[in-house]
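If you read the sequences in order, they're chains F and L.
1 is the number of the first residue of the first sequence in the numbering used here; add one for each residue after it.
1 is the number of the first residue of the second sequence in the numbering used here; add one for each residue after it.
Hints in this document: simulated from the structure, not taken from any laboratory.
Treat the hints loosely; a few may be bogus.
[Said to hold, decoys possible] Computed list of lysine to aspartate or glutamate pairs in EDC-like fashion (alpha-carbon distance at most 20 Å, straight line):
1) K189/F <-> D170/L
2) K28/F <-> E177/L
3) K189/L <-> E156/F
4) K94/F <-> E32/F
5) K4/F <-> D164/L
6) K189/F <-> D164/L
7) K28/F <-> E48/F
8) K5/L <-> D87/F
9) K180/L <-> E48/F
10) K189/L <-> E177/F
11) K180/L <-> D30/F
12) K95/L <-> D30/L
13) K25/F <-> D170/L
14) K28/F <-> D53/F
15) K180/L <-> E117/L
16) K180/F <-> D164/L
17) K189/L <-> D170/F
[What the hints assert, rightly or not] Sample of chain L residues at the chain F side, in silico, Cβ under 7 Å:
18) L157
19) F159
20) R161
21) Y165
22) A181
Where a beta carbon is used, it is the ideal one built from N, C-alpha and C, also for glycine.
There are 2 protein chains.
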Amino acid sequence: MATKKGRIFIVSAPSGSGKTTLCEKLFKTDLELDDSVSMTTRPSRPGEVNGRDYYFVSKKNFLQRIKEKGFLEWTTTYGWYYGTPKDFFEKALKKGRDILLSIDVKGAMRVKRLHPEAVLIFIEPPSVSALKQRLYSRNQDGQKEIKKRLSTAKKELSFARRYDYCVINDNINSAMEKLKAIIIAERCKFQKGVV
Amino acid sequence: MATKKGRIFIVSAPSGSGKTTLCEKLFKTDLELDDSVSMTTRPSRPGEVNGRDYYFVSKKNFLQRIKEKGFLEWTTTYGWYYGTPKDFFEKALKKGRDILLSIDVKGAMRVKRLHPEAVLIFIEPPSVSALKQRLYSRNQDGQKEIKKRLSTAKKELSFARRYDYCVINDNINSAMEKLKAIIIAERCKFQKGVV
Chain F
1 MATKKGRIFI VSAPSGSGKT TLCEKLFKTD LELDDSVSMT TRPSRPGEVN GRDYYFVSKK
61 NFLQRIKEKG FLEWTTTYGW YYGTPKDFFE KALKKGRDIL LSIDVKGAMR VKRLHPEAVL
121 IFIEPPSVSA LKQRLYSRNQ DGQKEIKKRL STAKKELSFA RRYDYCVIND NINSAMEKLK
181 AIIIAERCKF QKGVV
Chain L
1 MATKKGRIFI VSAPSGSGKT TLCEKLFKTD LELDDSVSMT TRPSRPGEVN GRDYYFVSKK
61 NFLQRIKEKG FLEWTTTYGW YYGTPKDFFE KALKKGRDIL LSIDVKGAMR VKRLHPEAVL
121 IFIEPPSVSA LKQRLYSRNQ DGQKEIKKRL STAKKELSFA RRYDYCVIND NINSAMEKLK
181 AIIIAERCKF QKGVV
């Protein structure tokens with residue numbers, strides 16, 4: 001008899017919305033959220049640690065895992081592969097652990113189809129111009145890369161309405177308060193099929 | 001063009017669950033919730049103020065208002081009439097104010113039928129025995145009154161699953177945190193029919 005089933009929280013945001021910082025802060029709170037480390041073929045950025053930020057693998061390795069149906073969802077962005085390994089994910093849920101997934105809108109829609117009870121949270125930059133500024137000030141991507149990211153961001157913003165919640169990241173403290181509130185509130189809901 | 005429509009939060013709880021204290025605290029936070037003062041025919045208890053805690057009116061006055069369809073919902077409990085005046089309620093919603101209604105399960109179900117977007121929050125005592133203890137320690141009701149309240153409480157508890165959220169009031173600080181989280185989270189949801 002299940003007494004508690006893990007909940008799935010999915011956070012998506014256009015590139016440069018501050019999602020990574022917010023998620024890192026969320027994992028450090030006392031909310032006890034499990035981090036699902038994604039797998040990717042893109043090279044690591046300075047400071048990123050294999051197994052903590054991502055599992056950095058070769059394209060060959062990634063394609064093999066796709067073949068073995070080892071991903072909950074996977075996608076390609078800017079030419080790189082990104083995926084959520086299935087094994088860790090399913091184990092955590094069975095143990096009654098809540099998982100926070102930080103994935104793109106396409107991945108989010110895929111997981112929602114498989115797990116309709118998943119809670120979708122969209123993080124929105126205050127405005128596209130603010131987003132532009134953030135991408136430029138980050139100064140880690142080239143001009144062409146920034147333009148590509150901005151165009152993707154605009155497409156992603158049009159998905160916001162399919163999400164359960166939308167948090168505007170105009171202020172990191174206020175955005176954090178909202179994200180925490182969503183998780184606490186969702187835990188006060190009755191879970192279907194659980195006694 | 002409406003930019004924001006007021007939200008309706010409904011809090012119900014078995015008698016003695018600490019609902020009144022929690023709601024009073026909620027109104028004192030910076031959440032800017034409007035209080036809908038109920039109307040009742042029951043006599044005021046020591047410390048209760050007319051127009052703040054309730055509008056204390058005569059039965060004749062109450063029945064006249066029912067006839068004029070002046071209540072959003074009304075009910076009788078332990079022989080007394082209780083109702084939510086419609087005029088204040090509708091004005092506040094139009095102004096985009098969020099309202100917190102503290103009403104019983106029957107009233108909550110009625111408002112939910114009229115306003116399906118209303119958010120229902122059930123406050124549960126940690127256990128029926130805890131509830132019993134609280135009612136006795138309150139020492140303001142007679143033995144017979146307590147038994148009547150306990151029997152109603154058990155009936156009300158069976159309604160909890162029809163609510164959107166359930167907050168167990170085993171600790172007032174933790175219950176307050178959850179109530180606040182529910183309100184903040186709901187405000188991050190998209191409102192249908194509002195641009």
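Next on the checklist: Check the hint pairing K189/L with D170/F against an upper bound of 20 Å on the C-alpha distance.
Outcome noted: holds, 17 Å
Item to check | Straight-line alpha-carbon gap K95/L to D30/L, limit 20 Å | outcome: holds, 18 Å
Checklist entry - Are the Cα atoms of K189/F and D170/L separated by 20 Å or less? => result Holds. K189/F to D170/L sits at ~17 Å (cutoff 20 Å).
Item to check | Hint validity - R161/L Cβ closer than 7 Å to any chain F Cβ | outcome: holds, 6 Å
Checklist entry - Does E48/F lie within 20 Å of K28/F when you go C-alpha to C-alpha? => result holds, 17 Å
Item to check | Restraint status (C-alpha distance of K189/L to E177/F at most 20 Å) | outcome: holds, 15 Å
Checklist entry - Under the criterion that the straight-line Cα-Cα distance not exceed 20 Å, is the pair K180/L, E48/F satisfied? => result Outside the cut-off at roughly 36 Å; violated.
Next on the checklist: For a C-alpha distance cap of 20 Å, please report whether K189/F and D164/L respect it.
Outcome noted: holds, 6 Å
Next on the checklist: Would the hint linking K28/F and E177/L be met if the CA-CA limit is 20 Å?
Outcome noted: holds, 18 Å
Checklist entry - Taken at face value, is the distance from the CA of D164/L to the CA of K4/F at most 20 Å? => result This hinted pair holds, its Cα atoms lying about 17 Å apart.
Checklist entry - Does K189/L pair with E156/F here, judged by a C-alpha cut-off of 20 Å? => result holds, 18 Å
Checklist entry - With a cut-off of 7 Å, does the beta carbon of Y165/L approach a beta carbon of chain F closely enough for the hint to hold? => result Holds. Min distance 4 Å.
In summary, the numbered hints that this structure violates are 8, 9, 13, 18, 19.
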